[in-house]
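Participant: Same order as they appear, the protein sequences are chains A and B.
Going letter by letter, the first sequence gives residues 8 to 130 in our numbering.
Going letter by letter, the second sequence gives residues 134 to 386 in our numbering.
It should be emphasised that the hints constitute simulated quantities derived from the structure, not laboratory data.
Errors might be hidden in some of the hints.
[Said to hold, decoys possible] Partial pick of chain B residues on the chain A-facing surface, computed with a CB cut under 7 Å:
id, residue
1, 195
2, 198
3, 217
4, 220
5, 223
6, 224
7, 225
8, 228
9, 231
10, 236
11, 239
[Stated by the list, open to error] Just some of the chain B residues that point at chain A, by a computed CB distance under 7 Å:
id, residue
12, 153
13, 363
14, 364
[Said to hold, decoys possible] Here are a few chain B residues that sit away from chain A, every Cβ distance over 10 Å (derived from the structure):
id, residue
15, 135
16, 197
17, 202
18, 221
19, 279
20, 296
21, 320
22, 339
23, 342
Cβ atoms here follow ideal geometry from the backbone N, Cα and C, with glycine treated the same way.
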Amino acid sequence: MEREDLVGRVMADMDPELLNFLRTQVNSFVKWDLIRFFGENPYTTDTAENIARYAGRNVEATQAELAELAAQGVLVEQRLGEMTVYSLSSNPEVRRLIQRFLEASNDRQFRVKAIYHIIRGMR
Amino acid sequence: MERVKTGVPGLDEMLRGGLLPQTTTLVEGAPGTGKTTLGMQFIYNGIIECDEPGIILTFEQFPSQFYRDAANFGWDFRRLEEEGKLRIIMTSPEVSLQDLQRVGGQIEALAREMGARRILVDSISHFQRLTHDPLQLRHLTYTFVNGLKREGLTAILTWESPVLLGEPGEHDIGIPFIVDTYIILRYVEIESAVHKALLVLKMRGSDHDKDIRQFDITSRGIEVRSRFEGHEGIMSGSPRRMADSFVQAFVRR
Chain A
8 MEREDLVGRV
18 MADMDPELLN
28 FLRTQVNSFV
38 KWDLIRFFGE
48 NPYTTDTAEN
58 IARYAGRNVE
68 ATQAELAELA
78 AQGVLVEQRL
88 GEMTVYSLSS
98 NPEVRRLIQR
108 FLEASNDRQF
118 RVKAIYHIIR
128 GMR
Chain B
134 MERVKTGVPG
144 LDEMLRGGLL
154 PQTTTLVEGA
164 PGTGKTTLGM
174 QFIYNGIIEC
184 DEPGIILTFE
194 QFPSQFYRDA
204 ANFGWDFRRL
214 EEEGKLRIIM
224 TSPEVSLQDL
234 QRVGGQIEAL
244 AREMGARRIL
254 VDSISHFQRL
264 THDPLQLRHL
274 TYTFVNGLKR
284 EGLTAILTWE
294 SPVLLGEPGE
304 HDIGIPFIVD
314 TYIILRYVEI
324 ESAVHKALLV
334 LKMRGSDHDK
344 DIRQFDITSR
354 GIEVRSRFEG
364 HEGIMSGSPR
374 RMADSFVQAF
384 VRR
């Protein structure tokens, strides 16, 4: 129990803004992939089927996560004819946070901590 | 007559000064012939030399690949995006077609907001995903092309030819009939070396150079050079020396 608390404290030792972003928005590996994808390709607008293909994930898993990210304000969901399409929010604050997260993800220690929080959140 | 300069050395001369404004140009070629490079060069030169912002619509290649490939030629696409002079949009044919047809769509809004004058669509071949009916496909592509013209954009559309050497495959959907200008890029084998050839096959409303020219992809992008001399059957991919043809036609009879 004590050991788990210690690990938790070590893992929580990261920038509070990024920790909050991880816990509230990047709380699954598919979302992590999607946030990275939209961060690297910020002017993408497409359907869940096509985005799943770009991200190399299956459509069912991607569809639900895209909808959640849209509900959280990270993405924008729009109807286009009979299609539902997703694009990155144009909110500068959201875009700044995503860029910070992507830059931090280049660091191995950050990645280890981020994975820990995602797995804990999935339990 | 007003011209939209591509900025590709040698090509504007072939086009008698450049493309005509608000027209569409099809650039067809096999993988690696330089279709996308030519399109990127058109967009880059438009921004840098003519102060004409541009849009790249990509249906397969990720924008991050465009940033990387452009950087190899010294073109900083990331900076141009930050400055609001360029947008690389990754989407699909079905979404872009719907988007362009509705009022206030993303492409329309972006073109007006940025003052975009040029667009590269890479590649229009992906429209084949939309339907197997050739007539329907031609109709959809025609609608798309007209949407780009409506927005005042001068467009380069790339088309992937599956044939590495030799004559192009037939366009079942008649895309060359829809576009204003048709440029073909080909690999040509001459004396065990592969060269690249460029031909302006059609240019509606303007005269153009009919020569088949050699071109290279250099560290600065595409450079169109002189015409192929002393050979015929260039576009077949395996040209013959003119003298050999003469012997074949008259001496060996």
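Participant: Does residue 195 of chain B pass the interface check with chain A, least Cβ-Cβ distance below 7 Å?
Facilitator: 6 Å, holds
Participant: Does the nearest C-beta of chain A fall within a distance shorter than 7 Å of the C-beta of residue 239 of chain B?
Facilitator: 6 Å, holds
Participant: Does residue 197 of chain B really sit off the interface, with its C-beta more than 10 Å from all C-beta atoms of chain A?
Facilitator: Since the minimum Cβ distance to chain A is about 5 Å, residue 197 of chain B lies within 10 Å and the statement is violated.
Participant: Does the no-contact call for residue 342 of chain B survive, Cβ to all of chain A over 10 Å?
Facilitator: 36 Å, holds
Participant: Would the hint on residue 236 of chain B be counted as holding, given a Cβ-Cβ threshold of 7 Å to chain A?
Facilitator: Not OK, violated: residue 236 of chain B not within 7 Å of chain A, min 12 Å.
Participant: Would the hint on residue 231 of chain B stand, with a C-beta cut-off of 7 Å toward chain A?
Facilitator: Constraint on residue 231 of chain B satisfied, holds at 5 Å.
Participant: Is the Cβ of residue 339 of chain B more than 10 Å away from each Cβ in chain A?
Facilitator: Since the minimum Cβ distance to chain A is about 33 Å, residue 339 of chain B lies beyond 10 Å and the statement holds.
Participant: Does the CB of residue 228 of chain B sit less than 7 Å away from some CB of chain A?
Facilitator: Holds: closest Cβ of chain A sits about 6 Å from residue 228 of chain B, inside 7 Å.
Participant: Against chain A, is residue 364 of chain B within 7 Å by beta-carbon distance?
Facilitator: 43 Å, violated
Participant: A cut-off of 10 Å on Cβ-Cβ distance, and residue 320 of chain B was said to be off the interface with chain A. Does that hold?
Facilitator: The claim holds: residue 320 of chain B sits with its nearest Cβ about 30 Å from chain A, beyond 10 Å.
Participant: Given residue 220 of chain B as an interface hint, is its Cβ closer than 7 Å to any Cβ of chain A?
Facilitator: 5 Å, holds
Participant: Is the interface hint satisfied for residue 225 of chain B? The criterion is a beta-carbon contact with chain A at less than 7 Å.
Facilitator: This interface hint holds because 5 Å falls under the 7 Å limit.
Checked against the numbered hints listed earlier, the structure breaks hints 2, 3, 10, 12, 13, 14, 16, 18; every other hint is satisfied.
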